[in-house]
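Participant: The residues making up each chain are set out below.
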Amino acid sequence: MANTIKVRAKEKDGEITVKCLMTHPMETGLRKDKKTGEAIPAHFIQEVTCDHDGKRVLTAYWGGGVSKNPYLSFKFKGSGGSVKVAWVDNKGESDSAEDSVS
Amino acid sequence: MSDMNMKRRSLLKGAMAAGTVGLAVGAGLLSPRMVLAAWPKSAFDAKSVEDAVKGLGGSGTEASGDISIKAPDIAENGAVVPVTVETTLPAESIAVMASSNGTPLAADFMLGEGAGGFVSTRIKMGKTGDVVAVVKSGGKLYSASKSVKVTIGGCGG
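Residue numbers (the working numbering), protein chains in the order written: chain A, 1 to 102; chain B, 1001 to 1157.
Worth flagging that the hints you see were computed from the coordinates, not collected in a lab.
All of these numbers come straight from a predicted model, not from anything done at the bench.
Every residue, glycine too, gets a C-beta built ideally from N, C-alpha and C.
Keep in mind that the hints are not guaranteed to be accurate.
[To be verified] Short, incomplete list of chain B residues facing chain A, as computed with Cβ under 7 angstroms:
| hint | residue |
| --- | --- |
| 1 | Phe1044 |
| 2 | Gly1065 |
| 3 | Val1080 |
| 4 | Phe1109 |
| 5 | Ala1115 |
| 6 | Val1119 |
Whole structure, please, built from the sequences with the hints as guidance.
Facilitator: Here it is, written out as structure tokens:
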């Protein structure tokens, strides 16, 4: 699954604000298929990591309580360079995206 | 605004396509569920806010006025409730929970060096309840909550 993450990093007054949108179903495993009545298997992002020039700035652990196509925004002190965002879900799928700080 | 909407449309389409692929993989492979070592399973499986706090390694939380939660008073769609947590405490981690959900813990953000006390995301809320933010600072847990009225639940199917 390529290009499931959109990431933007902007710098202002020595602080970088990162905003990202990921494309993911985020199934809790509790919902049922309306037609068959069978439970839809859980499929959600478990871990999101964000690095600034190779330095870890944020690790997020998620459960099924995060909305479908998750949005994430956070801030950290720094300037320049690039920000890399990566996720791993409960099926072991993963993706990452990078944006240079503007 | 219209530009944003267009992007949102294409994103939604992408989401549907990705979902289909995910289902196909699930049906074909039946691969065992991957478990990340660091993922705090006990906290995510907890059925109450108190248990989730225990799962995060705390015995209880202290109410703090230094945490602010930005969330709508009334959420029309419980499937997408925007939540922003900000704190002036030197935070090590910020957890976001929805008290009325079957498993309250939605997300736990471990802040690295230089990260400010700010996270914003969107969570699901099954029904009306409190959004609880738990901030870990100096080894202690502080919390704040805000009630959100949900008119359409987000966990049904």
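Participant: Could you run down the list of hints and mark each one as holding or not?
Facilitator: Hint by hint, here is what the structure shows:
1. Phe1044: It holds, given that the least Cβ distance between phenylalanine 1044 of chain B and chain A is near 4 angstroms, below 7 angstroms.
2. Gly1065: violated (21 angstroms)
3. Val1080: holds (5 angstroms)
4. Phe1109: holds (5 angstroms)
5. Ala1115: With a minimum Cβ separation of about 4 angstroms from chain A (threshold 7 angstroms), the hint on alanine 1115 of chain B holds.
6. Val1119: Holds. Min distance 5 angstroms.
When held up to the earlier numbered hints, the structure conflicts with hint 2 and nothing else.
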